[in-house]
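Taking the hints into account, I'd like the entire structure generated from these sequences.
As a plain string of letters, each chain reads:
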Amino acid sequence: MKAMHQGDLTFSSIDPNAGLKRAIQMKRIDIIGEISRSKMRGRGGAGFPTGTKWNLAAAAVAPKKYIVCNADEGEPGTFKDRVILQEFADLVFAGMTIAGKAINALEGIVYLRAEYTYLLSHLEAVLDQRRKAGLLGSSIGGDESFSFDITIRMGSGAYICGEETALIESMEGFRGEPRNRPPYPVDTGFMKHPTVVNNVETFAWAACIIARGADWFNAVGTDKSTGYKLFSISGDVQRPGVYEFPMGIMVSDLLKEVGGSDAKAVQIGGASGHCVPASEFSRTCAFEDMSTGGSVIVFGPLRDMLDIAENFLEFFVEESCGQCTPCRIGNVKLLEGVRMLKEGTCSMTYLKELLSLGETMQLASKCGLGQSSPNAFLSIVRHFKPEIMGRVNL
Amino acid sequence: MTNSIDNCSSCRSPKSMKVHEVSTQTQTGQIGGQVSLVIDGKTIKVPLGTTILEACRTLNIRIPTLCYHEDLCVAGICRICVVEVEKMHTLQAACSFPVTAPIVVHTHTRKVRHARRHILDLMLSDHYGECYSCSRNGTCELQTLAQEYGVDFYRFGHPSESTHKVDRSSHSVVRDMDKCILCRRCVRTCIDLQEVGVLEAINRGDHTKISTFMDKQLADVVCINCGQCINRCPTAALKANDPTDDVWAAIDDPDKHVVIQTAPSPRAAIGECFDLEPGTPMTWQMNTALRECGFDAVFDTNFTADLTIIEEGTELILRLYKALVQGDQKVAESLPQFTSCSPGWVKYIEHFYPDYLHHVSSAKSPQQMFGALIKTYYAKKRNIDPSKIVSVALMPCSAKKFECNRPEMVDSGYKDIDYGLTTRELAKMIHEAGIDMPKMEKSDFDDPFGTATGSGVIFGASGGVMESALRCVVELVTGEAVENIFENARIEPVRGFEGTKLAELTFDKVGPVPDLLKHLVPNWDWMKGVTLKVGVCHGTANAKKVMDDIIAGGPFSKCHFIEFMACPGGCLGGGGQPIPTSEAIRAARARAIYAEDESSTVRKSHLNPAILDVYHEFLTDGPCGKTAHKLLHTHYIRRGKYIM
Amino acid sequence: MLVTENERLRQNILDWADELNRDRSALIPLLQRVQKRYSSVSGFAMQVIADILDIHPVEVYSVVSFYSFLDHKPKGRFIIRLCQTISCAMAGKDRVARQLENELGIRFGETTADGKFTLEYTNCLGMCDRGPAMLVNDQVFTQVSPERAHEIVEKCRQTFGTFALQDQGRID
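Protein chains in written order, with my numbering: chain Y, 3 to 396; chain H, -7 to 636; chain Z, 341 to 512.
A few of these clues could be false.
[Said to hold, decoys possible] Listed below are the simulated DSSO-like cross-link pairs for lysine-lysine, each with C-alpha atoms no more than 27 Å apart in a straight line:
#	chain 1	residue 1	chain 2	residue 2
1	Z	Lys376	Z	Lys413
2	H	Lys201	Z	Lys415
3	H	Lys103	Y	Lys387
4	Y	Lys41	H	Lys79
5	H	Lys201	Z	Lys456
6	H	Lys520	H	Lys536
7	H	Lys79	Y	Lys226
8	H	Lys103	Y	Lys194
9	Y	Lys387	Y	Lys354
10	H	Lys10	Y	Lys194
11	H	Lys208	Z	Lys413
12	H	Lys314	H	Lys618
13	H	Lys208	Z	Lys376
14	Y	Lys66	H	Lys10
Keep in mind that the hints were calculated from the coordinates and are not lab data.
Now the structure itself:
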């Protein structure tokens, strides 16, 4: 397969199984310790510390545990997981295997989105090779106490299944509707067993961290956001694609790299992320500033911000799971509001009501998707009032 | 004397709709499984895993709820119950947040009030219709909250036209999805509580709706008409098919002779519609109110409940005799005999276990027995043209509406029962007539059916049919008063709200065969030493457990007689009863029913003088005889569950 | 022996259920197999599955209706799903959409009368750097221009009939 990324990636320069080979020699607690020391936070976007997650799952007393790789990459503007799975599947599987050893799980499951069905045969082939090479199955690396295998479950076309509890519901045969939390999956996950759900990229980096050590990783990035991160760049740029940057990169620096310096605004974090106007391009892609799963969508000078808001809200209206009131109806109301703005029929009073509604959606929705669904709308309205108010339709 | 098979509610709804059990392991801040939290400045200690909502209720702090219902597993989806928990950046749903560590909760901060108001505004923006033209006006939970939160305008608009067609296909349940707020209480009722599985959430996002399999109309799916969904719907999205206009029209027609029979459960509950405490019996006041409304005669369904006991009990004795004495293998296979008085249960078994229909007693339900007698026996006795009789039944039940419309229920030569009214509908009629029912004088039922026995009354509670049958069988077989065996004739092992119950009774001695049964069995010698095994269950989810147990050859397969009631708690928890419902309300109604039993002068069906009169004058070939069979027995339909 | 379509379907489902363990977690894989083989999950199939897993048919319907890639209504042999999300929208998906409608003579959400094509929108396909993107069954196409859309449709038309009914159409 043709290389899909731009520039050099750390993943290309690393032996995919170096980490696993080291992990075989390590104690569970040391593996988790290494990951914790790296201070890596989840690469899916929510940014939960990976070491803490593994530690909680390792501490849970249960006859069975699961490692789940979240490959339900559905956030608009995100495609780095597809590239990782196409080019570095070995690394991801190695990371899952290491996690399996760390929390004492025997089974790993990759939840692959239906839209990526064409990757399935490749991934199955890689898994087969790994089984043949003794890197999966029983007695991994000759260690009789270390068994782990990976299966692939296909999604069926629902963005919400990227939310970890919805993903677990889906695997159990239900509608992909997020669960009440607590309890968390590390305690009560797939089939009620403790389950670690991590993003594709998180597993890949975990394998790298064990191979090269936590210090190598946390030497890069900021204090709260360590390491490298893959970014999916699309929109009005000269060179779209997957890039690797250190965490904490400034938006303006990133735009320079990809050829998008004339941008009017950038959407960081996909539809559920934030829209940043040019005046704030000095902000950074880091958990302490703008948390992101790596989606960067660049809007050129001629883009209509209301078109963008409308597209995002159409997305949420369709992709909301529909169980909780704020997300199910709230997004419809915001979308209607955007259309009123486009027609020039929205009063400032009503716009303020919608902004306030957006805040309620952030506070009262059941899951992370619902809570973040008004973000794009809120930030576009906040930053582009002069552009969106007082439209006259001729 | 009793034991019970696994009675835990193995709730099968998605886990997204559940508060998970909290393990009592090494949680911080716990002492003896207790955790303390602060709510609005008040400190309280609760068992680990208590939800914030439960904790608030102990402190008498009101938290609004919509998707929450105490009979159902927790969903946490309407979000109206959100509260602020310190150190958490989002609001938390009080109903689904188990407290496992000390937390500080605020229940009415600005954020909370705003969020709740927004959620209400959003629901109203998607809720077509006006309160004053709604059957739930005054009992709607959404309306109550709108009032509490001071909604005086539609912040996010209000639908100007209907988007869903009202489904009136069912005789029992009307679905008006324009009023649905997607709380999914009906879904959890239909799947978890009742194991019927008619309603589920369909589609996703803004297209989400509650619907049936392949969006078919209610009449074409496996709905058993139990109406439990109606009782749990917070709005008027689900309501009973209301025939009160037709009943009024019949009353207004001078040519018609309109009679009404009243079942025991509505009498124990209708007071709730007049602001009385649950469990306030209204039997005698209601009789007067019904006459004031214009009904020409008021009868007691308990009369035919007694008749049911005689017919169904005789049928059981015959089955036992044929199986045990005559060695009839085919009849032996029809044991245990199942009760047939709950029309919800009857339709359930027709759909889900059609291969077991031969177990079901062929005796009609009390309502339908009465229907057949009114247009024959009563018409003849009073010299009234049966075609002029309009026979109304007051039932706690929505399935009874379906039952009276079953095409086979015309054994009198006419439609045996013309209209089934629910408790709620009759209360509405009484209100409409301007009658202050609780202040009515007391009056008795009309002859010739007179006042029934206490056995008929307890039909309303789960286990009641079995208790009545046992009282009867014990006395008929042993010739001894049942009070000698059970104190005050209370057969406790079959009482109570446990989901499934087993009981057994050994006949150490037998007496002479009473006159009523002499034509059927020569003596009781064959009953000596026999241990009669009986089972009781209520709610069709429990019925499923019992049926599966029978199929697997478990303890229920060894029974001789099993009482099945479709509704949780039995008829007193029926789908036609006043809203709301809860275990406490059902228990209060049960107390009223058992109290009425104990205050009755006659408490055993076979001692009811009016029953003996009927057999003497009309059903002259006795219980399960030819006339009885024509009028009082029926047959069932193999419906199956596949929908084409 | 003549086997009716429904009997064959039931047998398929039974065989698959045995492979997958008869437990609720097998529901979606089962549905996916039915969808792949029969290009939709019929009401009959849902009831067979419900029976096997001891759940209610309405629960199966509920799940089918939730997921975009499961259908209870028959779809075309080729399901064309055009990405409508932001990056593809900015890259000119509207023109591709118009061209597809013109080529097939149907609107989005519809199936051609001959049952060959279904046209749908889908959300982000993860091809944002090379939009507009679309899926034809499992196969992904990127940087689709109106002209290219025509070519892809033509190729589908030519391929139709040459592959076994059991497999979803693939054009190479």
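Practice task
Return the numbers of the hints above that this structure violates; sort them in rising order.
Solution key: As far as the earlier hints go, 5, 6 and 8 are violated by this structure, in ascending order.
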